[in-house]
Amino acid sequence: MSEPLAAPPPDWAEAGRPRRNPVATLVARVAALSLAEWQKLRRDRWEQVIRAIQPLLWLGIFGAALSRLPGIPTGGLSYVDFILPGVLTQSVLFIAILYGVHMIWDRDAGLLAKLMVTPTPRSALVIGKAFAAAVRGLTNAVVVLLIGQVLGVSVQWHPLRLLAAVGVVVLGSTTFCCLSILIAGLVRTRERMMGLSQLIMVPLFFASNALYPIAMLPAWLQVASRFNPLTYQVDALRGLLIGAPADYALDVAVMVGVTVVMVSAAAALLPRLAR
Amino acid sequence: MTGGFALTCRQLRVTFGSAVAVDGVDLTVREGEIFGLLGPNGAGKTTTLRAITSLLPVPPGHIQVFGHDVARAPMAVRRAIGYVPQLLSAEGSLTARQNVALFARLYDVPRRRRRAAVTAALAAVGLTEVADRPAATFSGGMVRRLELAQALVSAPRLLVLDEPTIGLDPVARAGMWDRITAIRRETGMTVLMTTHYLAEAQQWCDRVALMSGGQIRVVGRPEELVATHGVADLDEVFRAHAGDRAADGQDEPGSIRDVRAARRTASRLG
Numbered sequence: 001m002s003e004p005l006a007a008p009p010p011d012w013a014e015a016g017r018p019r020r021n022p023v024a025t026l027v028a029r030v031a032a033l034s035l036a037e038w039q040k041l042r043r044d045r046w047e048q049v050i051r052a053i054q055p056l057l058w059l060g061i062f063g064a065a066l067s068r069l070p071g072i073p074t075g076g077l078s079y080v081d082f083i084l085p086g087v088l089t090q091s092v093l094f095i096a097i098l099y100g101v102h103m104i105w106d107r108d109a110g111l112l113a114k115l116m117v118t119p120t121p122r123s124a125l126v127i128g129k130a131f132a133a134a135v136r137g138l139t140n141a142v143v144v145l146l147i148g149q150v151l152g153v154s155v156q157w158h159p160l161r162l163l164a165a166v167g168v169v170v171l172g173s174t175t176f177c178c179l180s181i182l183i184a185g186l187v188r189t190r191e192r193m194m195g196l197s198q199l200i201m202v203p204l205f206f207a208s209n210a211l212y213p214i215a216m217l218p219a220w221l222q223v224a225s226r227f228n229p230l231t232y233q234v235d236a237l238r239g240l241l242i243g244a245p246a247d248y249a250l251d252v253a254v255m256v257g258v259t260v261v262m263v264s265a266a267a268a269l270l271p272r273l274a275r
Numbered sequence: 276m277t278g279g280f281a282l283t284c285r286q287l288r289v290t291f292g293s294a295v296a297v298d299g300v301d302l303t304v305r306e307g308e309i310f311g312l313l314g315p316n317g318a319g320k321t322t323t324l325r326a327i328t329s330l331l332p333v334p335p336g337h338i339q340v341f342g343h344d345v346a347r348a349p350m351a352v353r354r355a356i357g358y359v360p361q362l363l364s365a366e367g368s369l370t371a372r373q374n375v376a377l378f379a380r381l382y383d384v385p386r387r388r389r390r391a392a393v394t395a396a397l398a399a400v401g402l403t404e405v406a407d408r409p410a411a412t413f414s415g416g417m418v419r420r421l422e423l424a425q426a427l428v429s430a431p432r433l434l435v436l437d438e439p440t441i442g443l444d445p446v447a448r449a450g451m452w453d454r455i456t457a458i459r460r461e462t463g464m465t466v467l468m469t470t471h472y473l474a475e476a477q478q479w480c481d482r483v484a485l486m487s488g489g490q491i492r493v494v495g496r497p498e499e500l501v502a503t504h505g506v507a508d509l510d511e512v513f514r515a516h517a518g519d520r521a522a523d524g525q526d527e528p529g530s531i532r533d534v535r536a537a538r539r540t541a542s543r544l545g
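Taken in order, these protein sequences are the chains called C and Y. Using my numbering, the letters of the first sequence map in sequence onto residues 1 to 275. Using my numbering, the letters of the second sequence map in sequence onto residues 276 to 545.
If we strip away everything but chain C, and leave its shape as in the complex, we get:
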């Protein structure tokens, strides 16, 4: 042993620690956990490649097939243009919704307990995971846009529009990642969680404006899709990326509100998962 270990100062737990306000602590913890998630992501590039295939199939097969179907009122857009933001949002959703399973995996591995014994706010643990979901979501978003370019989608490449789209993807990832963690906190086992993830993905994706305009849906489904946070993400992205008319004020208000609620709820249920 060449270098000595630090002995615990006698006043360590009382006063010897750097004191920071709760917000600074939260930011520092989120940064530490996000860095670790980033280091983990960098080790598995194949996974990113495989994930990029699904949006290719949606746009290439589903988009190509349905664009032959007359009568989908896309507001003058080609159908592939119309569904590109929807497919982008969907791929972000599919990634984020698996994070509850990730959290259960961490719990089963003993990692969650170990993190929860550190002086870290529960919300930081949740946001750290959301960061990983957002990074994955953003890589996929780039892939979707490139595929769109190949398929001739007229994407608006203005830097500010893209920056705003990044914001939408981050909020969307956080919302669904936290929704997933919150459900994991309720059901607590991996098997139930896997089943439920698939179960909730269907209504989230299809009871929305991702693949068709809401006006086309039966009345009850129109109401349901108004309560679906995905609808507001797609609306904002369709406006930003394709230039379709969008109600940005409403979209942002809903997305920010839902994100705050989801982070808080997931953080509150996390101890139940670790128990």
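Hints are computed from structural coordinates only; laboratory data are not their basis. Wrong hints could be hidden among the right ones.
[To be verified] Some chain C residues close to chain Y (C-beta under 7 Å, calculated; not the full set):
hint, residue
1, ALA36
2, GLN39
3, LYS40
4, LEU111
5, THR118
6, ALA274
Just so you know, these numbers come straight off a predicted model, no measurement behind them. Note that the Cβ used here is the ideal one computed from N, Cα and C, for glycine as well.
Since the structure of chain C is already known, use the hints to place chain Y on it.
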């Protein structure tokens, strides 16, 4: 304020539904000692540790760590504790150094001291040579030592180890004990650990408590317990107190899940 006690438990009781996992445990751990909580699987050892480390909700007034009530001041308790759970829980895709650095950050080790603290913690457990290899390439014994480094990097006052030598081969187990005792000698930190290897506890612990059926049956220095009972070793002391309960393998809630999880972790870590 703490009266020389690192930990005091008073009438700790933990139930899961109708099952009583911990049934009125009174326990004091003195500053600077290595204290072993012994007992068979399902005795309530792990549950007791989970309550002490703030993972289980416990009403105020039952557990104090260096004078801080776990229920009232969980953050202060967490700052004082370094915890190594029973399962191999290092992040396999991160290097040893990244694994330890994460915990240095989570405990607010100041940036200017962080690199040195991480290096020192890795050196203390003998992982300097392999510090930049992913933990997935490590043997079980190396992962255990890495986890010890993760727990040590914040210079905790109380090191909590849940079955630190379980699943390790005899050489790795002896290595683990050498590290733990050397670290205690160097830093003076208090160590609280569970184990069901009574021979190890007899050799290495200053004091032990024998637990069974959620209760503490007897507490003392290993050699005193052996002497006062007029028997050969702790095994026989335990049999005198726990009787057949030691063998009936009452499962702790979640224990099957934990075993499965341990196997999954083993395969994940390679």
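Each hint, compared with the structure:
no.	hint	in the structure
1	ALA36	5 Å, holds
2	GLN39	5 Å, holds
3	LYS40	5 Å, holds
4	LEU111	5 Å, holds
5	THR118	4 Å, holds
6	ALA274	6 Å, holds
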